[in-house]
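> Sequence:
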Amino acid sequence: METQKEHYDNFISANSEWEYAGLYYDEGVSGTKVEKRDGLLALLKDCEDGKIDRVITKSISRFSRDTTDCLEMVRRLALLNIYLYFEKENIDTEHMSSELMLSILSYIAESESRSISQNSKWSVKHRFEEGIFTISYPPYGYANEDGKMVIIPEEAVVVKEIFSMTINGMGTYVIARELNEKGIQSRKGTKWHPSTVRGILQNEKYTGDVIFQKTYTDDDFNRHTNYGEKNMYLCKNHHEPIISHEIFDKAAAVIGQRAKEKSIEAGIGKYQRLYAFSGKIICGECGSTFKRRQHYKPSGDYVAWCCNTHITDKDACSMMYIRDEDIKTAFLRMIRKLQTAHAKVLKPFVEELRGANNKEGLYQVLSLEEQIEKNVEQITVLTNLLSSSYIEPEIFHTEKNQLILEADRLAMEKQLISKSINGDLTHLEEAQKLLRFVSKKAEITEFEDEMFLEYVDMMTVHCRDEITFNLKCGLNLTERLVNA
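Using our numbering, you'd call the opening residue of the sequence shown number 23 and step up by one each time.
Simulated from the structure, these hints should not be mistaken for lab results. Quick reminder that beta carbons are idealized off the backbone N, C-alpha and C, glycines included. Any given hint could turn out to be false.
[Said to hold, decoys possible] Keeping only pairs whose Cα atoms sit at most 20 angstroms apart, straight-line, the calculated PhoX-like set for lysine-lysine is: (1) 436 to 210; (2) 494 to 366; (3) 369 to 455; (4) 463 to 350; (5) 80 to 396; (6) 462 to 366; (7) 462 to 359; (8) 302 to 350; (9) 170 to 436; (10) 359 to 455; (11) 313 to 302; (12) 170 to 258; (13) 494 to 359; (14) 204 to 182; (15) 110 to 80; (16) 227 to 258.
[Said to hold, decoys possible] Ranges between beta-carbon positions, derived for each pair: (17) 462 to 403: 49 to 55 angstroms; (18) 211 to 63: 33 to 39 angstroms; (19) 173 to 200: 19 to 25 angstroms; (20) 485 to 200: 17 to 23 angstroms; (21) 485 to 320: 25 to 31 angstroms; (22) 471 to 258: 47 to 53 angstroms; (23) 338 to 259: 40 to 46 angstroms; (24) 213 to 110: 40 to 46 angstroms; (25) 200 to 60: 36 to 42 angstroms.
Please take these sequences and the hints and turn them into a complete structure.
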């Protein structure tokens, strides 16, 4: 993606007759669904608003893989005297006397997308049924060696500890905090989060079994959780287990009991968040969350936030309450400091994150993607040759199995490189967003829930007069709380 963006930056800027109107893209989103492509929708809106008079895109399939949608958008833009140039097909809609060629190519792009999808599904389903599907990205505790899942001893110790702590009554947040305090890194090299711990506790692969096709993609390229619409495939003893079925079931029972006690229902979200601070304040002493309470005093009523553990047992945690207004004041003070010092604080931080991206790695990923595309094309050709009886089934299966192994290897290599260079991309995007906000916004004088939720991930209360705002961009900024 970064390489493609750079290409169009240079391509358009190099033409002195063009004025660069901007770059619009959808990362990791299928071209089959227009309504899910925010970048494309933003492009169409800016065209309608008169901000753009010409569009350049790589190919028809990148613009849209749905024939009807493609033609509709081309006609819609033509009415505004806005024309498109498709680089790969060398088609300029300004000079087209007929829509026939565009219609044919759009249909080919749509059919190709469906054909590739169907062939991939057939291949995956076949490997599910045979129990030979290669898990290219095994969970924490395992590695992929020659298509086999093998245990990583030091990570297996952590997995066992997580199950043991759960069975002993510890919640996912407390477990994540303890792992972080011990300096143990997650698979992605980042801090542990409750959701990461929960994912491990719910993953049957740690018992040595695998359930295939927990999710599926329908004919319209929508992804769904499999509730029985498709066959699931249980492969027992697929690999060496880290924990026993008994321990796995016991941990699941503990989690189920905790959910009942907290009235949490699976599949509907944990809680309904009524206030901006709900679930966002963490006690620095015991790791529990804070609960909102109304205090009634002769001097005046006020809202306070109290540690759940302290409310239940004052001896278990000594953390006292903090006022709602004090938190809002501290947040406003922190934001105003960023407004004043964004050039010295945020800009260097953004540049540091930007410099962490490896351009050479991006080109490697691009090369691997091309190899993966060729691999898919070869499988498609093989399938067509078999269906036309041009080759024998024995030759087909031999060649196809080799291509499948190569595809798994390429996917693994791409994932490893992507993981190594994209670790800070999310933080970079959040940091850039925060920098734009504080550098352009007039002085902020009032607290707004939306503003807080936009930039703050969590807050940690160290004592009654000190709180740390853990921002989504990765910065942790500490402020004093002024107690009334």
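> Could you run down the list of hints and mark each one as holding or not?
Consistency of the hints with the structure:
no.: 1; hint: 436 to 210; in the structure: holds, 15 angstroms
no.: 2; hint: 494 to 366; in the structure: holds, 19 angstroms
no.: 3; hint: 369 to 455; in the structure: holds, 11 angstroms
no.: 4; hint: 463 to 350; in the structure: holds, 18 angstroms
no.: 5; hint: 80 to 396; in the structure: holds, 18 angstroms
no.: 6; hint: 462 to 366; in the structure: holds, 15 angstroms
no.: 7; hint: 462 to 359; in the structure: holds, 14 angstroms
no.: 8; hint: 302 to 350; in the structure: holds, 13 angstroms
no.: 9; hint: 170 to 436; in the structure: holds, 18 angstroms
no.: 10; hint: 359 to 455; in the structure: holds, 16 angstroms
no.: 11; hint: 313 to 302; in the structure: holds, 10 angstroms
no.: 12; hint: 170 to 258; in the structure: holds, 14 angstroms
no.: 13; hint: 494 to 359; in the structure: holds, 17 angstroms
no.: 14; hint: 204 to 182; in the structure: holds, 15 angstroms
no.: 15; hint: 110 to 80; in the structure: holds, 6 angstroms
no.: 16; hint: 227 to 258; in the structure: holds, 10 angstroms
no.: 17; hint: 462 to 403: 49 to 55 angstroms; in the structure: holds, 53 angstroms
no.: 18; hint: 211 to 63: 33 to 39 angstroms; in the structure: holds, 34 angstroms
no.: 19; hint: 173 to 200: 19 to 25 angstroms; in the structure: holds, 22 angstroms
no.: 20; hint: 485 to 200: 17 to 23 angstroms; in the structure: holds, 21 angstroms
no.: 21; hint: 485 to 320: 25 to 31 angstroms; in the structure: holds, 26 angstroms
no.: 22; hint: 471 to 258: 47 to 53 angstroms; in the structure: holds, 49 angstroms
no.: 23; hint: 338 to 259: 40 to 46 angstroms; in the structure: holds, 44 angstroms
no.: 24; hint: 213 to 110: 40 to 46 angstroms; in the structure: holds, 42 angstroms
no.: 25; hint: 200 to 60: 36 to 42 angstroms; in the structure: holds, 39 angstroms
Checked against the numbered hints above, the structure breaks none of them.
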